[in-house]
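Undergrad: Given the sequences, and given the hints that come with them, work out the whole structure.
Now for the letters of each chain:
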Amino acid sequence: MQALLDVRKIRQDFPILNRRLKDGKKLVYLDNAATTQKPNEVIDAICKYYSEYNSNIHRAVYQIAEEATAEYEGTRENVRKFINAKYEEEIIFTRNTTESINLVAYSWGNANIKKGNTILLTEYEHHSNIVPWQILCKSRGARIKYLEVDEDGYLDLEVLDELLSMKGDGKIKLVSLSEMSNVLGTIFPAREIIKIAHEKNIPVVLDGAQSVPHMKTDVQQTGCDFLAFSAHKMLGPTGVGVLYVKKAILEQMKPFISGGDMIKEVHKENTIFNDLPYRFEGGTPNIADVIGFSAAIKYLNKIGMDNVRDHELEMTSYLLNRIQDIKNIKVYGPKIAKDRGGLVSFNIEGIHPHDCATILNDFGVAIRSGHHCAQVLMEKLDIVASSRASLYIYNTKEEIDILIDALNHARRIFNI
Amino acid sequence: MSEDIYREMILDHYRNPRNKGKIEEPDIRINDSNPLCGDEISIDLKVEGDIIKDIKFDGRGCAISQASASMLTEMVSNKPLTTIKDITKDDVLENIGLTNLGPARIKCALLSLKVLKLGMVKYYVDKDPTSAAQMKDESKVF
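Top line first, the protein sequences correspond to chains B and L.
The opening residue of the first sequence carries number 12 in the numbering used here; numbering runs sequentially from there.
The opening residue of the second sequence carries number 3 in the numbering used here; numbering runs sequentially from there.
Hints are supplied without guarantee of correctness; some may be wrong.
[Said to hold, decoys possible] Pairs of lysine to aspartate or glutamate residues, derived as DMTMM-like cross-links and limited to a Cα-Cα distance of at most 20 Å, are as follows:
#  : chain 1 : residue 1 : chain 2 : residue 2
1  : B       : Lys36     : L       : Asp6
2  : B       : Lys265    : B       : Glu99
3  : B       : Lys33     : L       : Glu5
4  : B       : Lys391    : L       : Glu42
5  : B       : Lys20     : B       : Asp321
6  : B       : Lys36     : L       : Glu5
7  : L       : Lys109    : L       : Asp88
8  : B       : Lys33     : L       : Asp88
9  : L       : Lys91     : L       : Asp34
10 : B       : Lys341    : B       : Asp229
11 : B       : Lys206    : B       : Glu169
[What the hints assert, rightly or not] Listed next, with one range per pair, are the computed distances between beta-carbon atoms:
#  : chain 1 : residue 1 : chain 2 : residue 2 : range
12 : B       : Lys156    : L       : Asn33     : 28 to 38 Å
13 : L       : Lys48     : B       : Asp180    : 18 to 28 Å
14 : B       : Ile314    : L       : Leu38     : 49 to 59 Å
15 : L       : Leu38     : B       : Glu84     : 16 to 26 Å
16 : B       : Lys36     : L       : Leu38     : 23 to 33 Å
17 : L       : Asn80     : B       : Lys33     : 21 to 31 Å
18 : L       : Pro37     : B       : Glu84     : 36 to 46 Å
19 : L       : Asp14     : B       : Glu360    : 11 to 21 Å
Bear in mind the hints are in silico, worked out from the structure with no lab data behind them.
Quick reminder that beta carbons are idealized off the backbone N, C-alpha and C, glycines included.
TA: Written as structure tokens, this is what we have:
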């Protein structure tokens with residue numbers, strides 16, 4: 012079968028993939044759900060900003076500041092197109108997905124969540140989509156309910172419908188869920204979930220940290236009211252997150268972080284806030300990395316998000332097939348590759364994930380071990396931790412073979 | 003290399019931990035976890051006239067943390083409680099034969115010592131609350 016992506020060519024764009032580890036081993040990077048590697052284009056864009064037009068944006072009138080402003084705002088437009096938002100002002104730059112969700116919780120949440128209200132999350136949420144809501148609910152006297160995830164890593168949409176139909180005291184005021192689980196790998200049907208919620212006039216926050224980097228995103232089609240994601244999980248730099256908010260909702264929201272750049276006028280007693288979206292970007296933003304993010308989006312666009320998805324699907328099928336042959340292995344999440352994003356979490360009975368990851372490191376294999384910031388799900392699965400291999404555009408079947416060899420080696424060391 | 007870490011001694015203590023379980027009515031019961039990986043260790047102690055008469059640990063975790071806890075209980079059993087003060091992280095690492103651990107895994111090896119020191123401090127502070135400030139430093143492992 013013809014390879015979907017020219018992976019060999021792609022790999023040449025990522026300098027880190029050429030480095031050698033301690034004893035000359037190649038890096039087999041399989042921790043892409045934590046953060047992805049950066050292509051030269053992104054690294055160069057950041058260097059170029061600092062070496063050629065470093066300046067603060069929006070206010071200065073000299074040439075390099077105008078160049079910096081144009082690049083920064085150009086990124087906003089690129090993000091808008093990437094997720095097919097209707098308006099540029101619906102795109103807010105934050106530090107990361109966590110900050111994006113906090114912005115919603117503090118600004119929208121404090122204005123709209125009242126005593127006795129309920130917020131619906133799921134059991135597979137990342138801590139970043141649990142803790143801000145817990146803090147909000149404690150301060151507002153509201154409650155959190157968790158939609159259960161079944162053994163194979165799926166949600167029951169009929170149960171969702173029932174929960175969202177509840178009237179009176181327990182009425183659900185907001186749904187916040189991740190479009191793809193960072194542990195189970197399941198891709199959830201965002202469009203259908205949002206449709207059910209909207210029928211009952213309940214807004215939906217979509218955590219796109221794991222989904223946006225790996226498949227085509229269209230906020231107008233899914234209809235989400237809020238979408239949060241991070242640049243660093245999609246070839247971009249750390250320190251840049253995005254919050255998309257539907258304009259009609261954003262217009263009603265109060266600022267979260269206040270101070271410089273988010274104002275029009277400041278007087279001794281009062282302030283007139285800046286227009287959208289600037290009123291939500293207080294202080295000098297992370298200019299260099301936002302500009303670097305533009306290069307990442309251009310890179311992904313060049314490949315095409317459908318091709319990214321197809322490549323990951325091919326790699327995930329291969330990984331699922333091979334990993335299931337390992338003795339005493341428990342693989343979490345859907346058994347069907349197409350229901351998954353490019354990650355597989357697992358445990359080998361008798362080997363703790365930390366020990367597993369330590370042994371894999373001998374092979375140059377970088378995987379994640381731990382609770383993946385999803386302790387609510389860990390409790391549900393009755394485990395303290397798992398190992399997770401996660402893929403991206405530059406990963407190959409040969410690398411998956413190295414992973415499988417390393418896992419078998421771990422079994423030998425532990426005599427399992 | 004991993005073969006140097008996962009030697010027979012570590013695997014033996016991991017699979018057949020010594021002093022694992024709980025003590026009924028312990029004089030000290032204390033637990034802590036490693037926020038990075040969620041590993042948990044709890045330690046129960048029975049103290050008679052300042053001597054550690056019985057010690058048991060419980061918990062879930064990796065081979066390094068569990069083997070280290072198992073070996074630590076053997077190290078302090080029937081010793082004066084105050085010996086815990088003097089145990090350093092190097093003592094523990096040498097005892098388990100892992101002096102080359104990286105910074106991430108060192109925390110696994112030292113979790114049980116951290117818990118044990120916290121337990122000792124709690125014991126003395128409960129007896130004499132005025133010693134709290136002085137004892138605080140005694141519990142530092144790293």
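Undergrad: For every hint, state whether the structure bears it out.
TA: Hint by hint, here is what the structure shows:
| no. | hint | result |
| --- | --- | --- |
| 1 | B:Lys36 / L:Asp6 | 18 Å, holds |
| 2 | B:Lys265 / B:Glu99 | 18 Å, holds |
| 3 | B:Lys33 / L:Glu5 | 16 Å, holds |
| 4 | B:Lys391 / L:Glu42 | 17 Å, holds |
| 5 | B:Lys20 / B:Asp321 | 17 Å, holds |
| 6 | B:Lys36 / L:Glu5 | 17 Å, holds |
| 7 | L:Lys109 / L:Asp88 | 19 Å, holds |
| 8 | B:Lys33 / L:Asp88 | 35 Å, violated |
| 9 | L:Lys91 / L:Asp34 | 17 Å, holds |
| 10 | B:Lys341 / B:Asp229 | 34 Å, violated |
| 11 | B:Lys206 / B:Glu169 | 13 Å, holds |
| 12 | B:Lys156 / L:Asn33: 28 to 38 Å | 30 Å, holds |
| 13 | L:Lys48 / B:Asp180: 18 to 28 Å | 50 Å, violated |
| 14 | B:Ile314 / L:Leu38: 49 to 59 Å | 34 Å, violated |
| 15 | L:Leu38 / B:Glu84: 16 to 26 Å | 39 Å, violated |
| 16 | B:Lys36 / L:Leu38: 23 to 33 Å | 24 Å, holds |
| 17 | L:Asn80 / B:Lys33: 21 to 31 Å | 42 Å, violated |
| 18 | L:Pro37 / B:Glu84: 36 to 46 Å | 39 Å, holds |
| 19 | L:Asp14 / B:Glu360: 11 to 21 Å | 18 Å, holds |
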